[in-house]
Structures are given as structure tokens and as C-alpha cells.
Amino acid sequence: MSLSPASGIGRFYAKSAKIIRFVRLGCTNRPFYHIVVMERRKNQHQPVIEQVGSYDPLPNDHNERLVALNTERIRFWLGKGAHLSTPAAELLGIAGLLPIHPRTYMTAWRNRRTAAESEAKAETTA
Amino acid sequence: MHLVRQIRQLNGLQGLRHALRQVSTAPTKPATLKYERDPQPLFTDAETQKLLQSMTQLHLDRVFRKRTVPDNSSEIKFMTTEQLELEFQSMVEKAQHMLQMPPVVKIKEDVDRIIAKDPALKDFADTKFVFTDITFGRRQSERKVVVRETDGTLAYASLDTTKRMNQLYFPLDGRQSYTPRMFALEELIAKCLTEHKYEYVMDRLLVQYEPHEPEFHNISARVFEHLNESKQFDLLRSTRHFGPMAFFYAWHRCIDDLLYDMIRRDYLQNAVELIALSYKIHNVPVEYQETLAKLDALHPTPAQSALTELRSGMRQPEGQQGIEQEIHSAIGKTEKDFTADEISLQFIEQYIASEHALKKVQLELAVQTLKEVNQEKLQLFQGLKKAHGIQAS
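Chains as they are written, first to last, in our numbering: chain H, 1 to 126; chain U, 1 to 393.
Hint data in this document are derived by calculation from the structure and do not stem from the laboratory.
Heads up, a few of these hints could be off.
[What the hints assert, rightly or not] In silico BS3-like links for lysine-lysine, alpha-carbon gap of 30 Å or less:
#1 K50/U - K128/U
#2 K128/U - K121/H
#3 K144/U - K191/U
#4 K122/U - K121/H
#5 K34/U - K197/U
#6 K122/U - K77/U
#7 K50/U - K360/U
#8 K34/U - K231/U
#9 K144/U - K80/H
Based on the provided sequences and hints, a complete structural model is requested.
Dropping the structure here:
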């Protein structure tokens with residue numbers, strides 16, 4: 001799929017439901033996401049209204065995951081009443097743009113529990 | 001199969017780059033001289049800037065020399081005299097723009113600026129997240145980059161990370177995302193310096209680093225120290241790096257070699273300016289403004305002299321002016337120059353006699369030689385004038 005400009009080429013109705021969501025680009029075993037605004041009813045690979053960021057979920061050499069956010073446009077679309085997909089909402093929460101999403105707390109808590117359990121298991125076997 | 005091999009090769013290269021980055025964290029040999037307090041207010045001061053610009057000089061053939069750029073082509077046009085005059089002026093303006101000095105500022109310290117701490121977020125992911133604001137039309141300096149650590153702290157990114165992200169999302173032409181080998185490996189930079197490629201190193205340094213970065217200070221100080229030993233100051237004259245270099249020497253009280261070079265090349269006004277600059281930086285109670293004002297009245301500014309040089313290519317009207325011009329071009333000095341030289345020599349000798357001069361013997365000898373040459377020139381000048389029957393004014 002060829003890339004469209006960040007200003008987007010997607011056509012949309014003025015009153016249709018918009019959503020800020022990820023579009024999976026990249027290839028097999030190498031995910032890469034664009035954060036885009038598009039009509040809610042459309043499929044992710046259809047033309048978007050606007051691209052507002054990108055997210056690389058694989059850590060780089062410095063062990064960090066890179067996210068780019070066009071905060072000005074994101075705030076604009078949120079003000080227009082755009083919806084948020086859960087992963088996008090989580091990411092914006094982590095970025096400090098929105099309150100932290102409950103699911104992030106859930107993941108954190110589950111990760112801590114798993115770590116504690118595996119530690120306890122290691123202690124009992126030792 | 002071929003593709004797989006290529007990808008492997010690329011991965012191998014990346015490993016190499018990684019290794020290089022490791023090297024770059026161990027900095028090249030540190031310079032011994034550092035700015036111990038903020039030099040910026042003194043450097044950006046209007047008077048200092050004027051002194052530095054005057055010392056840099058403006059040789060158009062130096063500023064507009066051929067460079068290693070893709071397009072060095074020139075255009076040939078027919079013009080009227082007025083158009084030519086306008087073109088001259090715009091050229092000099094352009095040259096002044098190209099000679100704008102990079103600022104000398106202190107090293108910017110990294111400060112932790114924490115936005116929020118959320119212990120409940122501990123271990124939400126196994127790596128940290130770096131968020132870059134890519135809002136259209138922001139300047140690099142005002143772009144926000146924030147980091148969410150794995151323990152749930154949200155903070156502004158360090159200067160290093162901010163620069164990396166800026167370069168990633170808004171790349172600057174010529175700046176590498178990793179440390180260039182030239183600056184990472186000690187033997188490469190040492191080789192550049194021994195080959196006297198000072199301007200090249202400084203230009204590349206300016207592209208790669210911001211003036212407030214420690215690497216910039218370190219490497220530029222090294223270049224200037226090396227220059228002070230090799231005494232090839234003329235290589236940087238009429239480039240944008242001459243001003244910061246003179247400022248560096250004046251700040252660190254080692255102007256004597258540069259001063260000797262200036263006297264030897266008969267740039268006496270520049271020598272006076274250099275001494276004045278060092279007096280100004282170290283608050284030495286010597287009145288230099290008066291001498292400078294006198295010299296300013298006698299000498300044209302670099303821009304003016306560049307303009308006269310450009311105009312001299314055009315045909316002059318014949319007459320009395322022509323003979324005087326000829327005498328001037330034969331000797332290289334006018335009456336004004338001789339008076340200016342006298343004033344400057346007096347000031348320079350005063351400096352040499354003071355306790356601020358370190359290489360007194362050398363400087364005295366240079367001044368003595370210059371005086372003798374000047375004396376001869378003056379006699380010749382007067383003799384020629386008499387022979388041509390021009391009244392001494």
C-alpha cells in the first residue's frame with residue numbers, strides 16, 4: 001500500500017463518527033503503527049482523514065519505544081468529538097496527554113503479580 | 001537468498017554502528033582550557049562583536065571561494081554601472097551574512113524535570129516510552145519530548161534524547177544520528193589537526209553539534225589550542241570561526257601568538273583590537289576606547305574596504321587622483337595609514353611593556369622590524385610625492 005500524505009486523502013461525512021486509532025503498517029513480524037483519524041465504520045487500510053502520529057512497538061538500540069504525536073491535531077479532533085480506540089487511549093494516557101487508561105493499570109498490576117509469582121516459585125525450587 | 005544475505009550484511013553494519021556509538025561515549029582527549037563562567041553576555045555584546053568582526057576581516061575571494069558543493073557555477077551578465085553598484089552592495093551583505101559567528105555560550109546542564117510520578121504504573125511495560133511532539137511549525141528548541149519510565153515516572157527527556165528525537169523526526173542536513181567517526185576516534189581528529197584542516201573540522205563540528213553541547217566546547221577548544229601551537233591563524237581569517245577563536249585566546253590569556261602573527265602581517269588595527277578585547281574581558285583598567293575611536297576614524301570598516309576593492313576593478317576617471325592612487329598602490333599605504341600605524345604601535349608597545357604580555361622579546365622584535373619597514377616606506381612615500389609635485393597636506 002502506498003503512503004498517503006499526513007493530511008490524508010480519506011473522504012468523510014461531516015457528522016459521521018470519527019475515531020483516533022492505529023493502522024498497522026510494517027510487515028510480518030515487524031509491526032509499525034500509524035496513529036490516524038478516520039471514520040469509525042471504515043476498515044483500517046482504507047484512506048484516512050489525517051495521520052496524527054506514529055508508534056514503533058519494537059524497542060530500539062537504546063531500549064526505548066518511540067512514539068510521535070501531533071498533539072495539536074489530536075486535541076483538535078478530540079475536541080470535535082472523535083472517539084478513541086483502546087490502544088490509542090492507552091498510549092495517550094501513558095504520554096500524559098489524557099488520564100491513564102484503566103487497562104494500563106491492569107497490565108501493570110498483572111505484570112507485577114506475574115513477576116512476584118515467578119520469584120516465589122524460583123525461591124521454593126531453590 | 002540474495003536478499004537474506006544483504007539483510008544480514010546490513011545487520012552486521014548496524015552492529016558496527018553500535019560499537020561505534022559505544023566508542024563515542026568515551027570522549028576524545030579532553031581540551032585543557034574551558035570557559036569557567038558564562039561567556040555569552042561578553043561575546044554577544046555589541047562592542048565585542050564589532051571588534052571580532054573587524055579582526056575577522058572580509059576578503060571576498062576568501063568568502064566566496066570554490067567549495068566542495070555540487071554547484072559552483074557562475075553566471076555572466078551585462079549590467080549598467082548602477083546595477084553593478086547594487087550588485088556589489090548585495091554581495092558584501094551576503095558575505096557579511098556568511099561570516100556570522102557561531103555564538104560562544106556556556107555548556108547547557110541537563111536537569112531532571114519530572115512531570116508526574118505514578119507508582120501504580122510500575123512494570124506496565126518492559127521498556128520505556130519516548131513521546132515526541134511533532135506538531136507542525138515548531139522550532140527544534142521548543143519541541144517537547146517526554147519519557148515514561150518503566151516505574152511510571154513521566155519526565156522531560158534529557159538533552160541527548162531530545163536531540164536524537166529531533167534528528168529522527170526532523171533531520172537536519174548533514175547532521176548524523178550517530179557520532180561521526182571523525183569526532184569519535186582520537187586518531188582521526190588528530191590526523192585532521194596535523195593536516196591543518198581546521199576550517200573543515202570547525203564547519204563539521206558546527207553542523208553536528210549545538211554550541212551549548214560539551215562536545216562542541218571540547219573539540220573547538222582542542223582545535224584552537226592546536227592552532228595556537230601551529231600558528232596557522234591565516235587559515236581561519238575571513239571565515240566565521242576567526243571571531244570565536246580570537247575570543248577564546250583573549251579569554252584564556254594566550255593572545256601573544258595571534259598578536260605576533262597580526263603584527264607580522266601588518267594588521268596593526270587588528271592587533272590593537274585584540275589587545276582591547278582582552279582588556280575588556282579581564283577588566284584591565286586601561287583606556288582603549290579612545291585609541292579605537294581614533295583608529296576607526298582612520299580605517300575603513302571591513303565591508304567598506306571590500307566594496308572599494310570591488311569598485312577598483314572598474315575604470316577610474318583620469319587626473320590628479322590617478323597619480324596619488326598610483327603611489328598608494330605602489331607602496332600599499334596612504335598618509336592616513338601611517339598616522340594610524342603610529343597610534344596603534346604606541347598602544348601595542350604599551351601592552352608589551354605591561355605585565356600582561358608573555359612573549360615580550362618576540363613581540364618587541366616584530367614591532368621593531370615593522371617600524372623599520374614602515375620608516376622606509378614613509379621615506380619612499382614622501383620622496384615619490386615630492387617627485388610628482390603633490391603638496392603635502
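Hint check:
no.: 1; hint: K50/U - K128/U; result: violated, 49 Å
no.: 2; hint: K128/U - K121/H; result: holds, 27 Å
no.: 3; hint: K144/U - K191/U; result: violated, 39 Å
no.: 4; hint: K122/U - K121/H; result: holds, 21 Å
no.: 5; hint: K34/U - K197/U; result: holds, 22 Å
no.: 6; hint: K122/U - K77/U; result: violated, 70 Å
no.: 7; hint: K50/U - K360/U; result: holds, 27 Å
no.: 8; hint: K34/U - K231/U; result: holds, 20 Å
no.: 9; hint: K144/U - K80/H; result: holds, 24 Å
In this structure, the earlier hints numbered 1, 3, 6 are contradicted, and the remaining ones agree with it.
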